[in-house]
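Use the sequences and the hints to build the structure in full.
If you read the protein sequences in the order shown, they are chains A and B.
Mapping the first sequence onto this note's numbering, position 135 (from 1) lands on 135, and the numbers just tick up by one.
Mapping the second sequence onto this note's numbering, position 200 (from 1) lands on 200, and the numbers just tick up by one.
None of these hints come from the bench; they were simulated from the model.
There may be inaccurate statements among the hints.
You can't tell identical chains apart in this list, so a pair holds if it fits in one copy or across any two.
[Said to hold, decoys possible] Mimicking DSS-like on lysine-lysine, the simulated pairs with C-alpha atoms at most 25 Å apart in a straight line are: (1) LYS6 <-> LYS202; (2) LYS217 <-> LYS203; (3) LYS100 <-> LYS154; (4) LYS100 <-> LYS141; (5) LYS6 <-> LYS144; (6) LYS78 <-> LYS203; (7) LYS118 <-> LYS154; (8) LYS6 <-> LYS78; (9) LYS202 <-> LYS217; (10) LYS6 <-> LYS50; (11) LYS217 <-> LYS118; (12) LYS6 <-> LYS203.
Okay, here's what each chain looks like letter by letter:
Number of protein chains: 2
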Amino acid sequence: MNTPAKPTLFTCVSPALLHLYDVQDAIVVVIDVFRATSTIAAALYNGAEKIIPVDSVQGAIELGEELGAITAGERDGKIAEGLQHGNSPLEYPREFITGKTLVLTTTNGTRLLHMALKNGATEVITGSFANLSAVCDHLVKSGKNVVLGCAAWKDRVNMEDTLFAGAVVSRVRQHFQVFCDASLGAETLYSHARIDTWNFVKKTTHYHRLSAYGLEKDMQWCISADIANVLPVYRDGALVVHS
Amino acid sequence: MNTPAKPTLFTCVSPALLHLYDVQDAIVVVIDVFRATSTIAAALYNGAEKIIPVDSVQGAIELGEELGAITAGERDGKIAEGLQHGNSPLEYPREFITGKTLVLTTTNGTRLLHMALKNGATEVITGSFANLSAVCDHLVKSGKNVVLGCAAWKDRVNMEDTLFAGAVVSRVRQHFQVFCDASLGAETLYSHARIDTWNFVKKTTHYHRLSAYGLEKDMQWCISADIANVLPVYRDGALVVHS
Chain A
1 MNTPAKPTLF TCVSPALLHL YDVQDAIVVV IDVFRATSTI AAALYNGAEK
51 IIPVDSVQGA IELGEELGAI TAGERDGKIA EGLQHGNSPL EYPREFITGK
101 TLVLTTTNGT RLLHMALKNG ATEVITGSFA NLSAVCDHLV KSGKNVVLGC
151 AAWKDRVNME DTLFAGAVVS RVRQHFQVFC DASLGAETLY SHARIDTWNF
201 VKKTTHYHRL SAYGLEKDMQ WCISADIANV LPVYRDGALV VHS
Chain B
1 MNTPAKPTLF TCVSPALLHL YDVQDAIVVV IDVFRATSTI AAALYNGAEK
51 IIPVDSVQGA IELGEELGAI TAGERDGKIA EGLQHGNSPL EYPREFITGK
101 TLVLTTTNGT RLLHMALKNG ATEVITGSFA NLSAVCDHLV KSGKNVVLGC
151 AAWKDRVNME DTLFAGAVVS RVRQHFQVFC DASLGAETLY SHARIDTWNF
201 VKKTTHYHRL SAYGLEKDMQ WCISADIANV LPVYRDGALV VHS
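Structure, rendered in structure tokens:
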């Protein structure tokens, strides 16, 4: 009797490469560590009812008014004009966000999420260090093919998303066929960076972008494992806690 | 008196990302370690007069006939039908190639070279471990912006090209502004892999592809530093030794 083939796992380091991967038969993990998918984990962990990702700032403003929801988001690392809140996981404590709907738009993360949906992904979930274990457990349990999709920075490879992909690969590799140099690279980089992640992150482009706005605390939160360990899944137009 | 700003250096990990980088004001280093740019270094080092990179197999056949040149190339790692020679650096010893013209077409390398030219690169050179020092010396001396362009595998990131980019970054970083996570990643991977490059290469997808054709010796040649240390530069339609 043949053992059934393991599902495949690929890492896609930029949205501009997503077309190279067959997502129609796969779970896509949208990864935007600084900071969309960290903020999503934080808000849902702290009791948000749902998060509606929207491509444009104008779209977020309009939908927020229509639903009476909180609007949030950033462009180029700053709160976008016309929105109430930014893209910081620290802005969404339990006493503020429980039971509420958040309409969120960001530079890279929400864009990739919509690309994955448009390309027909079987399921879209979001991942960040904050919910590393929840993501890994779900991937292993589901037994489906996986594409780890890094949101990157305006299509350029970024380090923090690659590192998170590497953290996932290192945890779940044995359950998948991993014939993918991007996954090998991500895993190797993670094994190097995990020894002193914060000092490695300080070498990245995004660190320089965000530290210019005084966001060191945000970044430290975003690279801390399992501090908002929920599984956000996209259902009926919104990210909700997987049940 | 202000110190003049250092030139920039970026690593582009896939041809599908080349449009993100301004190559009009830069030297583009085309990197296709397995095996186009290793073969180019070998042939020129061993005295080939010039190498004409051609996109299609049919184009290579026609041009070869017209010029009475040697035709060579591969598709998917194998000698392409209708061509005389493959894409192996070991096929071009001095006694065979001196003074001759080689018309070469490959899966990834020649394609990236033509993309760089079409995008208006100031200068196109080719790099591989075989000519690592020649490439680095030229980049430092020229003082121009640099884009390290990995040929990758059908637009997917590959490890061997990334490693070579990392080797270059680690040697020349101090002479450039390197605000680029892909360069940071490549350099970190190279610092990890250099300790036992061959065993690391054995984990890559391309190793599995090429070893299936018995090409281990080729690959070992291709990751050996400075064994064909010339600088191939694209001039008037062909790669020639920089003078």
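A quick look at each hint next to the structure:
1. LYS6 <-> LYS202: For LYS6 and LYS202, only the inter-copy Cα distance (21 Å) is at most 25 Å; the intra-copy one is 37 Å.
2. LYS217 <-> LYS203: Classified as within; 16 Å inside a copy, 37 Å across copies.
3. LYS100 <-> LYS154: neither (30 Å within a copy, 45 Å between copies)
4. LYS100 <-> LYS141: neither (30 Å within a copy, 59 Å between copies)
5. LYS6 <-> LYS144: within (9 Å within a copy, 48 Å between copies)
6. LYS78 <-> LYS203: Answer is within; shortest intra-copy Cα gap is 21 Å, inter-copy 41 Å.
7. LYS118 <-> LYS154: both (19 Å within a copy, 23 Å between copies)
8. LYS6 <-> LYS78: This pair counts as neither: shortest intra-copy Cα distance 42 Å, inter-copy 29 Å.
9. LYS202 <-> LYS217: Within one copy, since 13 Å is at most 25 Å while 40 Å is not.
10. LYS6 <-> LYS50: neither (33 Å within a copy, 47 Å between copies)
11. LYS217 <-> LYS118: For LYS217 and LYS118, the Cα distance exceeds 25 Å both inside one copy (34 Å) and across copies (44 Å).
12. LYS6 <-> LYS203: Intra 36 Å, inter 18 Å, cutoff 25 Å: inter-copy only.
Of the hints listed earlier, those the structure fails to meet are numbers 3, 4, 8, 10, 11, in rising order.
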